[in-house]
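Work the whole structure out from these sequences, hints included.
So the protein sequences, as listed, match chains F and P.
Just so you know, we're using my numbering here: the first sequence kicks off at 309 and counts up by one.
Just so you know, we're using my numbering here: the second sequence kicks off at 39 and counts up by one.
No lab work stands behind these hints, which were simulated from the structure alone.
Please read all numbers here as calculations on a predicted model, not as lab measurements.
Glycine included, C-beta positions come from ideal geometry on N, C-alpha and C.
Treat the hints with caution; some may be incorrect.
To be verified - A few chain P residues that don't get close to chain F, going by computed Cβ distances all over 10 Å:
id, residue
1, 100
2, 127
3, 136
4, 146
5, 172
6, 177
7, 199
8, 213
What the hints assert, rightly or not - If you want a taste of the chain F side facing chain P, the calculated C-beta under 7 Å gives, among others:
id, residue
9, 549
10, 555
11, 827
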Amino acid sequence: MSDTPFVPGLVEDADRVKAHSAWLEWVSTVDHKRIGLLYLFTTLFFFCVGGAEALLIRIQLAWPNNTFLSPDEYNQIFTMHGTTMIFLVVVPVLLGLANYLTPLMIGASDMALPRLNAFSFWVFLFGGILLYFSFATGQAPNAGWFSYAPLSENSYSIRPGLDYWALALLGIGVGTVATAINLIVTIVTLRTEGLTIRRLPLFVWMVLINSFLIIFALPALNASLVMLLVDRLLNAHFFTHVGGGSPVLWQHYFWSFGHPEVYIMVLPAFGIISEVIPVFSRKPIFGYGFVAASTVAIALLSVGVWAHHMFAVGLGHAWEYAFGASSLLIAVPTGVKIFNWIATMWGGSIRFTTSMLFAIAFLFTFTIGGLSGVIFATVPIDWQVTDTYFVVAHMHYVLFGGTAFAVMAGLYYWFPKMTGRMLDERRGVWNFWLMFIGFNTTFFVQHFLGLAGMPRRVYTYGDLPGWAVMNLISTIGAFVLGISVLVLLWNIRISRQTGAPAGDNPWNAWTLEWATTSPPPEHNFDAVPPVHGRRPLWDLTHPQEVRP
Amino acid sequence: MRTKLAMGVFIGSEAVFFAFLIAAYIYYAAATVHGPNAANSLDPPRTLIFTVCLLASSGTLWFAERRLAAGSRNGFRVWLGATIVLGLAFILGQAMEYIGLTRKTVTPARNLFGATFFTLTGFHGFHVICGLISLSVLLGLALRGNFSAKAAAGTAAISMYWHFVDVVWIVIFSLVYLRVWV
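Below is the structure:
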């Protein structure tokens, strides 16, 4: 980026200085695009780490009575898999995309608080390193990603793994809140002229609502974590029954963060889908207002449903019915969105690019995950299948079939903007089908494993009828999924070097990020086009059709 | 505008954090029966004195901002200095209280009162210290003399934060100390 100024006598050092300063530029950058890319690189790395852990889990479970991993190792691996995927992959990959795209989509030159932005990223990265440093202390955290007390307390986990877990999540949480603050301020204050709140791209809408959700949900986690740390390090009894404390309080506190967190992990994905489907259907989104408003409804409802994670605790029927009902309600605004997306595609001239394939796959798999979610909201069924593989299947359909597929759609869609080169479509189609087939093979069968009674988080199982074959199918699927990720990495690597040049607007899209060069210059825009509607670039080429 | 909005959103987030700690205190205050509790371990009159210091510091900071707006750099420095002194007095009072309690073996490990009391007041104290550091940075800038309009936005944001920390203390003081008194 920056050319070394010519100084006589220093010419021979120029190359060294240049190489040196390239690193330094990445470390010291406050540019939202670079920080966005740093997020994406980091999350891709942690995705591979978490994926490797998932493969270890699947190898251990491939057949009954396997001894590949010891019980204690197994506990550490599934805890780290869950924690990694949620806190180091899904949430930050969405923050990374939001970081890269939000200023571009609203015609701004950067985030409102660039230095805070850099701080957020680095505190997240070091949080991740801290979490993995726990392996060096002899034992990684091993109480599951929601670390139920008293398993997470000294009496059951005396080694420091869980201290690292809590401290790492605190750090990551601080970074997440800082990013959310930054995004809110950016969207509120830096929109280009004419870009009213009713004309915002839906991705930005989702990011805005998501940021508010982060602001109000993350502190619940932070409060829970500091209380857990006081228990563990100062021998208090917040969550241990011994001194009168309450393990159930941990559950209430954790899930009053944990359930909004589920939406924190999916709302920006809705935003991606709401950008990709209209562009590849050549139609404006159907029911813009409904997509935005139903998201507000989801966000509001999401803070009142946490106890549906706790139906097995014995809260009393009145509470269970109330939380069951509020959880069922969430299906309404979510269903509204699904219909909006389908109606957008209806009658459109659909282009089946890799990005669009992932978006369509998202509609299938996320709907399946949503439906199994509705099943869980029904209290008696929840009692039957809670803590079985049915839960594992459900959450992977929502998080992988939902968010990960949406992120893949977004990656194939925005990669040209970020790098200036197309992400190869031929390899992309391989990537898509391997991932789609691998994913469904891995997780669909787990619904039946759960119904057959296989509990989650057991390191092995007996040779019960059907269990062995279903687990083997799931393991094979996991390896297909692993191969699809390798295809993705290979595709990224090749396309970055030799991909077809993208040009400014390869998809004929209509939001502002496509109005600048690919990749955009450091200041983003030489001139932001005028905004008279929701599709500014469409309006530019179709001046006779301009609508408010 | 940006800085103040960012601080406003941050304060909203912080309020939720304290709400959870306060809820835990209330929840366990009903449960604690044995050993030390708020009634037999705390000294509300003494804490009241330090509370007055903290509340007064909000007033002095308000005066400091007024002086800054009026263009009086010296007035700003004096009132800002007074704010820091009053904040320090509060922290000193809290330190004395903690030492006294620990001597009576009232600690987080002792019982749930100890755990909730130290967690709640400790995190408040931590926030006061963060505020003091920010105010000291401001004072340092003001004493060096180059105090731009940009720094005025920073002053406004820090002042919002300081008032917030004050309000949180009013809640904590009423809940933990005053409830014992009445």
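Consistency of the hints with the structure:
1. 100: holds (25 Å)
2. 127: holds (26 Å)
3. 136: Since the minimum Cβ distance to chain F is about 13 Å, residue 136(P) lies beyond 10 Å and the statement holds.
4. 146: violated (4 Å)
5. 172: Holds, because the least Cβ-Cβ distance between residue 172(P) and chain F comes to about 14 Å, which exceeds 10 Å.
6. 177: Non-interface label stands for residue 177(P): nearest chain F Cβ at 22 Å, farther than 10 Å.
7. 199: At about 13 Å from chain F, residue 199(P) clears the 10 Å cut-off, so the statement holds.
8. 213: holds (16 Å)
9. 549: violated (12 Å)
10. 555: It is violated, given that the least Cβ distance between residue 555(F) and chain P is near 13 Å, above 7 Å.
11. 827: violated (26 Å)
Violated hints, listed in ascending order, are 4, 9, 10 and 11; each of the other numbered hints is respected by the structure.
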